[in-house]
Amino acid sequence: MLTLKYIQDNKDQVIERLKIKRFDAVQIVDEIINLDNQRKSTQVEVEALQAEMNSLSKEIGQLFKSGQMEEANKAKARTGELKEQIKELDTKLSETTTKLNEQLVQIPNVPNEIVPEGKGEEDNVEVKSGGEMPKLENAVPHWDLIKKYDIIDFELGTKITGAGFPIYKGKGARLQRALINFFLDEADKAGYGEVIPPLLVNEDSGFGTGQLPDKEGQMYHATADNLYLIPTAEVPVTNIFRDVILKASELPVKHCAYSACFRREAGSWGAHVRGLNRLHQFDKVEIVQVAHPSESYKILDQMVEHVQSLVEKLNLPWRLLRLCGGDISFTAALTYDFEVYSAAQERWLEVSSVSNFENYQANRLKLRFKEDGEKKAQLAHTLNGSALALPRIMAALLENNQCEEGIRIPEVLIPYTGFDIIK
RNA sequence: GGAGAGAUGGCAGAGUGGUCGAAUGCGGUGGUCUUGAAAACCAUUGUACCGCGAGGUACCGGGGGUUCGAAUCCCUCUCUCUCCGCCA
2 MLTLKYIQDN
12 KDQVIERLKI
22 KRFDAVQIVD
32 EIINLDNQRK
42 STQVEVEALQ
52 AEMNSLSKEI
62 GQLFKSGQME
72 EANKAKARTG
82 ELKEQIKELD
92 TKLSETTTKL
102 NEQLVQIPNV
112 PNEIVPEGKG
122 EEDNVEVKSG
132 GEMPKLENAV
142 PHWDLIKKYD
152 IIDFELGTKI
162 TGAGFPIYKG
172 KGARLQRALI
182 NFFLDEADKA
192 GYGEVIPPLL
202 VNEDSGFGTG
212 QLPDKEGQMY
222 HATADNLYLI
232 PTAEVPVTNI
242 FRDVILKASE
252 LPVKHCAYSA
262 CFRREAGSWG
272 AHVRGLNRLH
282 QFDKVEIVQV
292 AHPSESYKIL
302 DQMVEHVQSL
312 VEKLNLPWRL
322 LRLCGGDISF
332 TAALTYDFEV
342 YSAAQERWLE
352 VSSVSNFENY
362 QANRLKLRFK
372 EDGEKKAQLA
382 HTLNGSALAL
392 PRIMAALLEN
402 NQCEEGIRIP
412 EVLIPYTGFD
422 IIK
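In terms of the working numbering, the first sequence opens at residue 2 and continues consecutively.
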C-alpha cells in the first residue's frame, strides 16, 4: 500500500496519476486524510490520559508503600473516571485505525510516469522485439501435437483432478523438467540465489504481497488450516523479507525459485484458453529482487534483459510490451510483459511479467533497510518477474519447432532433455 | 493424535505485581591505547506513533481479562521443544 506520508505530501499527484490506472481516488484520498487527522487527535487525547494515569498509579504505589492508606484510597477513587475515558477513546482510536487501513489498502500503487494511458491489452506499447517468425504451412496447434506425440494428457488430468490440471508424460515430462532446470541454471548464472519455497502460505503472506484482500477469489484456499495455495512463487519468496530490516550494503538481494503455481482463474475461461494457454496448475521459475529505491528501475531493466536472454536462447520470436494503465496490476508501478509468438495459433502468448512495485509491497511487508550510520530505516523496493512461466513456452516451442520428422528441441535444452527431437 | 514444558531486545539469558523498555554476557558501532592489528578499557547500541522541542505513548509470541498499576496473575489462540503414538 501507499504510505500515508506519500499520500499527504503528494495528494494531487496521487489523484492525477491514478487516473491512468482508471482509478478515481478523489474521495478515498480525502477520507484517508480525514481519518488520519482523526486518528492523530484521538491518539493525542488518549496518550495524555494515559500519561496522567501512569503518574497517578505511581503515586498510589508510593502512598501504599509509605503506609498512607487513606491518601492512597482517595487517589484510587480518581482513577475510575480516567479509566472509563481511556477505554472509550481507545476503542475509538482502534476503530479509526482499522478504517484507515481498510481504505489505504484499497488504493492501487501509483503508476510510473512512463506507464502509457489505455483501457486494456490492446493499448499496451511494444518496446522492442526480436527473433525470427517461423515459416510454417498448415502448422498444427499444440493441443493436437501433444496428442499426436502423447506427451501431455489433459483428459487424464481431468479425471484425476479437473480441467486445467494436465499430466505431462514421457518426453513431455522430460522437456518440462529440462525447461525448469535450464531456467534455474540461467538465473543462477545471473546471480539469483535459489530457494525452494512452501507452496502454501498463510494469510499474512497473502496480505504482504497484495493478493489479499484484493484477489482472494483467485487463490485456492485450504480452509481447514486457513492456508492459500500460491498463485506464484513471488508470494512466499517476497515474504521471506516480511518484517525485515536489511543493511543498505546487502542490497540488492536476488532470489530465484521454481514452484508450481495454482490459480482458480474464476470466470476467465472462454476463447483462447485451449490447451496450455490457461491452466489451474502450472510451473514457473520466478526471479525476485529487493532493491535500494535509487536503483530499482535500473534493476528492472536488468531483469527484463535476463528474461530477454531466455527467450532468445530458446529461439522464440518475442516482443516486449510496456503495460498500459488499464492492464497493469493493482500493486505494480511499472510492468513489462514478454510475449512469444505461437505459430499455429498465430497469436502472441504472454510468458513473463516483470514489475517494479517500488515500496508498495514493502510498506505492507514492513521490509526496510538502513543506510550505513543512519538511525532511521526506510522502505526498500521490491521487484519480480517470471523467468519463465512454462506452459505457453512449451506451447510455442511445440508449435514453432514442428517439422516433418517431429518436434525439434532447441539447442540449449538438449543437454537437459537428452534428446533432440520428439517423434 | 495424547501428555508435559516453554515463547523476553541481533543472539544467549535474568526478571513472578510498582523503582522494568527491561540485569548480565556475547555480538554491532564509535573512541582510547598501538606502526597496524589483537587484547584491554570507555562510550554507545530495539521498533513505531505524537510533538518544533523538552518530552510523551505503545510494544516482553498474538488477542482478551483481573488490578489504581501486568513481562510478571487469569482465559484463549498460534508457534517451538521433550516424551509417546502414527508416518514419507
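No wet-lab data here; the hints were simulated from the structure.
Mixed in with the good hints there might be a few duds.
[As the list claims (entries may be wrong)] Think about it this way: if two alpha-carbon atoms lie no more than 35 Å apart in a straight line, the pair counts; the simulated DSBU-like pairs of lysine-lysine are:
{"#": "1", "residue 1": "Lys216", "residue 2": "Lys20"}
{"#": "2", "residue 1": "Lys190", "residue 2": "Lys367"}
{"#": "3", "residue 1": "Lys6", "residue 2": "Lys367"}
{"#": "4", "residue 1": "Lys12", "residue 2": "Lys255"}
{"#": "5", "residue 1": "Lys84", "residue 2": "Lys367"}
{"#": "6", "residue 1": "Lys216", "residue 2": "Lys136"}
{"#": "7", "residue 1": "Lys75", "residue 2": "Lys59"}
{"#": "8", "residue 1": "Lys6", "residue 2": "Lys255"}
{"#": "9", "residue 1": "Lys84", "residue 2": "Lys20"}
{"#": "10", "residue 1": "Lys59", "residue 2": "Lys20"}
{"#": "11", "residue 1": "Lys136", "residue 2": "Lys314"}
{"#": "12", "residue 1": "Lys255", "residue 2": "Lys75"}
{"#": "13", "residue 1": "Lys190", "residue 2": "Lys255"}
{"#": "14", "residue 1": "Lys377", "residue 2": "Lys255"}
{"#": "15", "residue 1": "Lys93", "residue 2": "Lys20"}
[What the hints assert, rightly or not] Here are the computed distance ranges between Cβ atoms for each label pair:
{"#": "16", "residue 1": "Ala249", "residue 2": "Asp151", "range": "31 to 41 Å"}
{"#": "17", "residue 1": "Glu405", "residue 2": "Ser295", "range": "30 to 40 Å"}
{"#": "18", "residue 1": "Asp13", "residue 2": "Glu347", "range": "43 to 53 Å"}
{"#": "19", "residue 1": "Asp13", "residue 2": "Asp215", "range": "22 to 32 Å"}
{"#": "20", "residue 1": "Glu347", "residue 2": "Lys371", "range": "29 to 39 Å"}
{"#": "21", "residue 1": "Gly62", "residue 2": "Glu82", "range": "12 to 22 Å"}
{"#": "22", "residue 1": "Asp13", "residue 2": "Gly374", "range": "43 to 53 Å"}
{"#": "23", "residue 1": "Ala261", "residue 2": "Glu351", "range": "36 to 46 Å"}
{"#": "24", "residue 1": "Pro214", "residue 2": "Lys77", "range": "43 to 53 Å"}
{"#": "25", "residue 1": "His222", "residue 2": "Glu53", "range": "24 to 34 Å"}
{"#": "26", "residue 1": "Lys129", "residue 2": "Glu347", "range": "20 to 30 Å"}
All C-beta atoms, glycine included, are put in the ideal place defined by N, C-alpha and C.
These are the hints, each one checked on the structure:
1. Lys216 x Lys20: Distance of about 21 Å is within 35 Å: holds.
2. Lys190 x Lys367: Holds, at about 30 Å.
3. Lys6 x Lys367: The given pair, whose Cα atoms are some 15 Å apart, holds under the 35 Å limit.
4. Lys12 x Lys255: holds, 33 Å
5. Lys84 x Lys367: Distance ~33 Å between Lys84 and Lys367 Cα, so the pair holds.
6. Lys216 x Lys136: Cα-Cα ~41 Å, so violated.
7. Lys75 x Lys59: holds, 14 Å
8. Lys6 x Lys255: Since the Cα atoms of Lys6 and Lys255 sit roughly 28 Å apart, the hinted pair holds (cutoff 35 Å).
9. Lys84 x Lys20: Violated. Lys84 to Lys20 sits at ~47 Å, over the 35 Å cutoff.
10. Lys59 x Lys20: Since the Cα atoms of Lys59 and Lys20 sit roughly 55 Å apart, the hinted pair is violated (cutoff 35 Å).
11. Lys136 x Lys314: holds, 19 Å
12. Lys255 x Lys75: Between Lys255 and Lys75 the Cα gap is close to 63 Å, so the pair fails against 35 Å, i.e. violated.
13. Lys190 x Lys255: Given pair Lys190, Lys255 holds - Cα atoms ~12 Å apart, limit 35 Å.
14. Lys377 x Lys255: holds, 24 Å
15. Lys93 x Lys20: holds, 33 Å
16. Ala249 x Asp151: 31 to 41 Å: violated, 54 Å
17. Glu405 x Ser295: 30 to 40 Å: violated, 55 Å
18. Asp13 x Glu347: 43 to 53 Å: Distance hint for Asp13, Glu347 holds at roughly 46 Å.
19. Asp13 x Asp215: 22 to 32 Å: Check passed, 25 Å falls within 22 to 32 Å.
20. Glu347 x Lys371: 29 to 39 Å: violated, 53 Å
21. Gly62 x Glu82: 12 to 22 Å: holds, 19 Å
22. Asp13 x Gly374: 43 to 53 Å: Roughly 35 Å apart at Cβ, these two residues miss the hinted range, so it is violated.
23. Ala261 x Glu351: 36 to 46 Å: violated, 19 Å
24. Pro214 x Lys77: 43 to 53 Å: holds, 45 Å
25. His222 x Glu53: 24 to 34 Å: Violated - the Cβ-Cβ distance for His222 and Glu53, about 47 Å, lies outside 24 to 34 Å.
26. Lys129 x Glu347: 20 to 30 Å: For Lys129 and Glu347 the Cβ distance comes to about 21 Å; the hint holds.
In terms of the numbered hints stated before, the structure departs from hints 6, 9, 10, 12, 16, 17, 20, 22, 23, 25, listed from lowest to highest.
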